[in-house]
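Taken in order, these protein sequences are the chains called P and B. This note's numbering runs 4 ahead of the 1-based position in the first sequence. This note's numbering runs 4 ahead of the 1-based position in the second sequence.
Hints should not be assumed to be uniformly reliable.
Where chains are identical, the list cannot tell them apart; a pair therefore holds if satisfied intra-copy or between any two copies.
[What the hints assert, rightly or not] Pairs of lysine-lysine, DSS-like flavour, derived with a Cα cap of 30 angstroms:
1) K461 <-> K246
2) K238 <-> K65
3) K12 <-> K65
4) K417 <-> K228
5) K461 <-> K196
6) K490 <-> K196
Rather than coming from a laboratory, the hints here were simulated on the basis of the structure. As the structure is a computational prediction, the values presented were derived from the model and not from experiment.
2 protein chains.
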Amino acid sequence: MEFSEHIKTANVEDVELRQPLHPPSRGTLCITGHHLLFSDREEGSSRQVLLLLRNIDAIEKSVENLLGYTGFFSNAGHSERMSGSSGTITIKCKDLRVLQLDIPGMEQCLNIAHSIETLSCLDNVSEMYPFFYRPTDLNLQNHRGLSAMETYYGQTKELVIMRSSQPLTGANRKRCKEDELLLQAVIDGSDKGYIIDTRSSQQVQQARMMGGGFESKSCYDGWKRLHRQMEKGKALQESLIKLVEACRDESHNMDRWLSKLENSKWLSHVQTALSTAGLLAECVERDGHSALVHGSEGTDCSLLISTLAQLIMDPCCRTLEGFLGLLEREWVEAGHPFQQRCAHSAYSHARLQQESPVFLLLLDCVWQLWRQFPLALGFSEALLLRLATEVYASDYGTFLCNSDQERSALGVKEKTYCLFQALLRPTERDIYSNPLYEPTELAIWPSVHPQSLQLWKSFFLRWTPQTRHLEEVQEEIRNMVIEWGKLALN
Amino acid sequence: MEFSEHIKTANVEDVELRQPLHPPSRGTLCITGHHLLFSDREEGSSRQVLLLLRNIDAIEKSVENLLGYTGFFSNAGHSERMSGSSGTITIKCKDLRVLQLDIPGMEQCLNIAHSIETLSCLDNVSEMYPFFYRPTDLNLQNHRGLSAMETYYGQTKELVIMRSSQPLTGANRKRCKEDELLLQAVIDGSDKGYIIDTRSSQQVQQARMMGGGFESKSCYDGWKRLHRQMEKGKALQESLIKLVEACRDESHNMDRWLSKLENSKWLSHVQTALSTAGLLAECVERDGHSALVHGSEGTDCSLLISTLAQLIMDPCCRTLEGFLGLLEREWVEAGHPFQQRCAHSAYSHARLQQESPVFLLLLDCVWQLWRQFPLALGFSEALLLRLATEVYASDYGTFLCNSDQERSALGVKEKTYCLFQALLRPTERDIYSNPLYEPTELAIWPSVHPQSLQLWKSFFLRWTPQTRHLEEVQEEIRNMVIEWGKLALN
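Turn these sequences into a full structure, and let the hints steer you where they fit.
This is the structure we're talking about:
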């Protein structure tokens with residue numbers, strides 16, 4: 005495909021951009037195959053906004069000719085009005101930012117809108133920007149390899165955490181002798197193991213009718229099943245949509261805010277994930293037994309729980325490299341279907357299909373850990389924010405496709421750069437390290453009391469002035485600490 | 005009065021103390037006229053708990069003899085059970101701590117409970133502990149004087165903020181020529197002034213029937229009245245009680261927590277106070293006019309609003325001395341009835357009379373400012389926590405009585421020590437200063453969006469392990485910053 009066939013208007017002059025945290029500005033808008041570029045034409049400044057089209061979740065357009073209601077365009081210059089029409093495009097990004105463009109000329113506006121609509125949701129992975137992005141300070145050879153393919157987690161005590169999909173016992177209670185022997189071998193010499201099923205007992209019974217199922221007590225002797233129902237899929241996506249809507253509510257009504265926050269159920273999902281991960285970690289770390297975690301496919305909640313449990317237990321996972329390695333192993337290589345799950349974020353009106361913010365929920369849970377143990381994690385909050393953006397739209401190939409198999413078929417590893425390697429470059433490492441990091445060998449058990457969990461404001465409210473202000477202050481404190489730390493070393 | 009007549013049992017051995025954040029311990033309990041003292045008898049440690057009886061808000065007692073249900077006393081040793089009876093006293097403190105004492109011997113338990121009940125709510129101010137407290141490193145001569153009696157706040161622009169009670173116009177629309185002339189003189193040379201009334205328009209009409217009233221437009225030409233209804237008295241006290249009850253809810257239900265938090269309305273009161281103070285500051289700082297603030301008595305909400313507005317506008321009020329001076333001027337000297345308002349906190353079942361946590365609401369609002377502007381205030385969060393305890397029960401005389409007049413009559417200034425002076429001693433100053441303080445001349449305008457305000461967890465959840473853990477970490481960070489700061493200076 006030629007991108008150019010989707011770009012009828014590539015440049016528009018005299019566009020007004022309104023974006024959060026900045027005063028409105030006027031300049032030139034340019035659309036390319038993968039980017040929207042706005043260049044400020046104010047004297048003395050050359051501010052640019054470069055936005056990956058892939059980051060755009062939804063747009064709204066309104067065009068008005070001069071005879072119509074023009075109040076909405078009161079900021080537009082007189083000359084544009086005289087040309088007979090103009091339009092406004094509201095751009096809602098997957099990173100939750102909302103921009104507005106006032107574009108002179110109805111046709112130009114419609115062309116731009118059409119280009120954005122088409123180019124922001126290309127289906128063909130090999131046409132996506134990571135296949136075109138060529139940074140000068142990274143090389144393609146140095147790809148991946150943060151983690152050895154060690155699907156399971158081994159401890160000194162020779163305990164393991166395993167992940168899997170559900171056993172396909174079906175309605176006829178089929179058995180798989182090899183699977184039974186494998187699980188038996190895992191707990192050999194021990195009295196038992198735990199299976200944490202992320203579905204309710206009712207759900208697993210229903211799953212049997214569809215060919216799925218669970219490990220029956222009689223066939224998997226020594227394994228104890230625990231059910232902890234976790235929402236995923238549509239329920240989680242709707243929770244995110246409601247939360248973002250609540251965060252954008254500009255009324256000054258405190259009751260309404262708290263009621264909407266409750267109604268979104270997002271914090272309940274955070275709580276369930278952290279407490280299930282805590283349960284898994286307890287089985288292994290405190291109770292001294294191996295554990296298997298699965299739901300139905302083993303590509304969503306199982307990853308979430310096993311990742312969090314490892315962060316709780318294993319100090320190696322809490323360094324910057326360790327955490328990125330953990331994500332590579334437990335999410336990228338384990339086959340979380342990023343492309344399906346992150347096709348849209350909170351604004352799209354597209355009919356929900358496979359979208360689900362499971363990875364975002366992970367980041368939120370990690371943030372709660374980070375907030376409760378500010379010294380125990382080697383990475384900064386900025387890393388979590390960066391990952392939350394990159395997973396939806398990225399220059400890098402890391403989160404492309406739905407599995408390693410798909411990535412291999414498209415040559416993603418050979419043709420795109422790796423985000424995790426990029427984040428470990430010295431310049432980036434400074435930004436994404438925690439200057440207060442003090443490694444501890446101990447497990448970090450998070451409190452999951454409702455009173456202990458908090459809205460991740462720097463993500464969900466990141467485009468509001470009050471959050472930005474706080475971020476600037478945190479940045480200043482961070483810099484102070486780094487400077488003082490350097491002095492202390494000299 | 006002799007305190008001894010209320011103390012039938014002064015010492016009990018073999019008492020078990022259960023308190024938050026500590027393992028249970030066994031030791032000796034001692035009751036004096038003003039204190040409860042528990043001395044741990046564990047080997048190698050000599051932990052003591054010294055509690056001002058005045059800090060006790062409510063107690064619950066349950067006594068059981070051996071024939072009755074003894075499950076509750078399962079931790080009690082065998083010998084106590086054999087003596088036939090024992091009892092448990094649950095002590096709920098005004099600083100929100102809850103302690104339990106298991107006391108062998110029913111009679112001893114009832115004696116102790118009776119002593120606590122009587123001595124914790126002595127009416128006679130001159131029998132209270134501040135009249136007996138004699139620190140060695142403070143002297144009585146060095147009393148008060150942080151602020152000159154300058155009731156009003158003057159700016160370089162010659163604008164003032166005034167506080168008053170309501171004008172007593174009554175149903176007959178009485179006038180007071182002197183008052184009208186005074187207010188006219190204030191805005192002389194300016195086009196207008198603002199009156200912020202902390203009651204609704206409906207409330208001020210009703211107040212007229214009771215002899216109170218408001219400044220009519222015709223008599224107070226040039227003054228514009230703005231009504232911002234603020235809750236005080238019983239409504240505020242009930243809000244606190246509900247909030248503390250929600251914070252103590254130990255269910256793991258996120259929805260229930262958020263719903264109870266909303267239902268308490270405490271955060272709404274915080275929001276109203278901050279936004280009304282913001283309005284007052286806008287009238288003066290942005291609009292350039294003088295302002296008068298009052299409700300009915302001028303001893304509660306008016307003080308709250310005028311204090312917060314000064315913190316917003318005036319950098320001098322943001323230093324440690326400045327803030328304590330502000331409290332002395334705007335609360336102690338202005339006649340906030342501390343004794344009535346802080347007689348009980350959130351646990352007492354006593355019929356509410358004059359209790360109202362207006363000063364606590366102030367501290368919460370200041371904390372919100374502190375959180376939003378972590379560099380702009382010269383004092384630490386620890387100061388706010390300390391004040392929140394001291395206002396309910398203190399070694400110092402600062403918050404005794406209901407007015408300066410009452411304090412003079414009892415010789416409080418001559419016979420008790422001043423908390424504010426104590427907080428400014430070099431050792432204390434280190435604890436209560438903000439190591440990140442960077443003075444700014446600018447006004448600090450707080451965001452009052454519901455999304456920007458937060459529960460003051462380190463106060464309301466201070467006795468939970470997760471909050472204490474975070475506090476310890478904050479303390480560690482604070483020490484790091486102080487140490488590094490010293491290095492940077494060398």
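Against the earlier hints, flag every one the structure doesn't satisfy and list their numbers going up.
-> Violated hints (numbers, rising): 4, 5 and 6; every other hint is consistent with the structure.
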